[in-house]
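*Asks:* Sequence:
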Amino acid sequence: MRAKALPRNGAIGLCSPSHIPLYEAAPGQEVPRSWEYKNIIQSMEKEGFRVVQADNLYKTTWGYLASDQERGADLNQLAADPSVDCILFGGGEGAPEMPPYLDFELFRRNPKRICSYSDGTTILNAVWATTGLETYYGQNPTVFTGWTDYNRRHFEGHILGGRMAVHEKNSPWLCLNPGTAEGVLTGGYTMNFALLLGTKHFPVDLREPHILFLEDHEMFGGEDHVSAMLGYIEQSEFMSSVTGVIFGNYADHPCPNLYARLKLLGERHGIPVVYCDDFGHGENHAILPIGRRAQLDADRLELSYLS
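Under our numbering, the first residue of the sequence shown is numbered 4, with each subsequent residue one higher.
What the hints contain is simulated information worked out from the structure, not anything from laboratory work. The model shown is predicted, which means the values in this text are computed figures rather than measured ones. A virtual CB, placed ideally from N, CA and C, is assigned to each residue, including glycine. Where hints are given, some of them may not hold.
Unchecked claim - List time: in silico DSS-like cross-link candidates among lysine-lysine, alpha-carbon distance up to 27 Å:
(1) Lys172 x Lys266
(2) Lys49 x Lys62
(3) Lys115 x Lys203
(4) Lys41 x Lys62
(5) Lys7 x Lys49
(6) Lys49 x Lys115
(7) Lys115 x Lys7
(8) Lys172 x Lys7
(9) Lys115 x Lys41
(10) Lys115 x Lys62
(11) Lys115 x Lys172
Stated by the list, open to error - Quick list of simulated restraints, FRET-style, between CB atoms:
(12) His272 x Thr148: 37 to 45 Å
(13) Pro30 x Ser307: 22 to 30 Å
(14) Asn113 x Pro259: 43 to 51 Å
(15) Thr148 x Pro30: 18 to 26 Å
(16) Glu286 x Ser243: 33 to 41 Å
(17) Tyr308 x Glu286: 17 to 25 Å
(18) Arg210 x Gly273: 13 to 21 Å
(19) Thr148 x Glu237: 33 to 41 Å
(20) Gly182 x Thr63: 31 to 39 Å
Could you build all of it, start to finish, from the sequences and the hints given here?
*Replies:* Listed below in structure tokens is the structure:
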């Protein structure tokens, strides 16, 4: 199931399941740029979008986050609001607490394009696996305050437009294990995806082939951490359905140990594996549609969409 595209004068719903945003930082207060929402909202409005802020967006009930019930209520509020065309939220920590509080029937009855990245992996995959609604991995609200041409083309192609026919690249791709694969795209930030496996909120059909995309970053964990997460995924029943793997940006320098670990994964399971810097926590924020059927050609270094 695919929701209608976001109209160019449509409404974007903002919530924050993974961090406490501020509308505007106080003088001298240092907060991450992605957590200060005044510029984000003004940038969206300048482009002609209406912004709907969820009721609990700025709540600090738990000190480090709004409560799990408040954050879940915000997601449900935006899903139910007929004036909201797209739901957009960023990362942090906390999204794994959300699935028990999501009214998946609301998302099924009111399909809209939902986009996030990083910690949002949990929500995007739970919504898709439970409802069949295609969701979108790769961007957060901050992109509006500093568009690159590449990131804008992906937003316009996947959120404003119908569907991209092929993945547009913006970095060299490395073939770590050759071959071709077809399957339904799913994945996201490595730890979040691993934590979701085996839970009742990720009811995937293991008879269906899947192309798994993953990303991590050296600022969050070393190559040993990534290897441990890959090992966990490999031990899951889900791995039997994986026909190919795409790994996104980990660092702005070559990572031969990571490449070797990904190559080993491909050889162990007899599947193609590629590495690129198109998506993740770097400068490039390509969007990958979770739930869309695709073909990965590791020999030609291409990802194309089949549906």
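*Asks:* Against each hint, give a clear statement of whether it holds in the structure.
*Replies:* Outcome of the hint check:
1. Lys172 x Lys266: Holds, at about 21 Å.
2. Lys49 x Lys62: Satisfied, since the Cα-Cα distance of roughly 26 Å is no more than 27 Å.
3. Lys115 x Lys203: holds, 23 Å
4. Lys41 x Lys62: holds, 16 Å
5. Lys7 x Lys49: OK: Lys7 and Lys49 at ~22 Å, within 27 Å.
6. Lys49 x Lys115: Answer holds: Lys49 to Lys115 is near 22 Å, not above 27 Å.
7. Lys115 x Lys7: Holds. Lys115 to Lys7 sits at ~6 Å (cutoff 27 Å).
8. Lys172 x Lys7: holds, 25 Å
9. Lys115 x Lys41: holds, 24 Å
10. Lys115 x Lys62: holds, 25 Å
11. Lys115 x Lys172: Distance ~26 Å between Lys115 and Lys172 Cα, so the pair holds.
12. His272 x Thr148: 37 to 45 Å: holds, 40 Å
13. Pro30 x Ser307: 22 to 30 Å: This hint is violated: roughly 50 Å between Cβ atoms.
14. Asn113 x Pro259: 43 to 51 Å: The hint (43 to 51 Å, Cβ to Cβ) holds, given that Asn113 and Pro259 are roughly 47 Å apart.
15. Thr148 x Pro30: 18 to 26 Å: holds, 20 Å
16. Glu286 x Ser243: 33 to 41 Å: Because 35 Å falls inside the window, the suggested range holds.
17. Tyr308 x Glu286: 17 to 25 Å: Holds, at about 24 Å.
18. Arg210 x Gly273: 13 to 21 Å: Cβ of Arg210 to Cβ of Gly273: about 18 Å, so the range 13 to 21 Å holds.
19. Thr148 x Glu237: 33 to 41 Å: Holds, since Thr148 and Glu237 (Cβ atoms, about 38 Å apart) stay within the stated range.
20. Gly182 x Thr63: 31 to 39 Å: violated, 49 Å
In summary, the numbered hints that this structure violates are 13 and 20.
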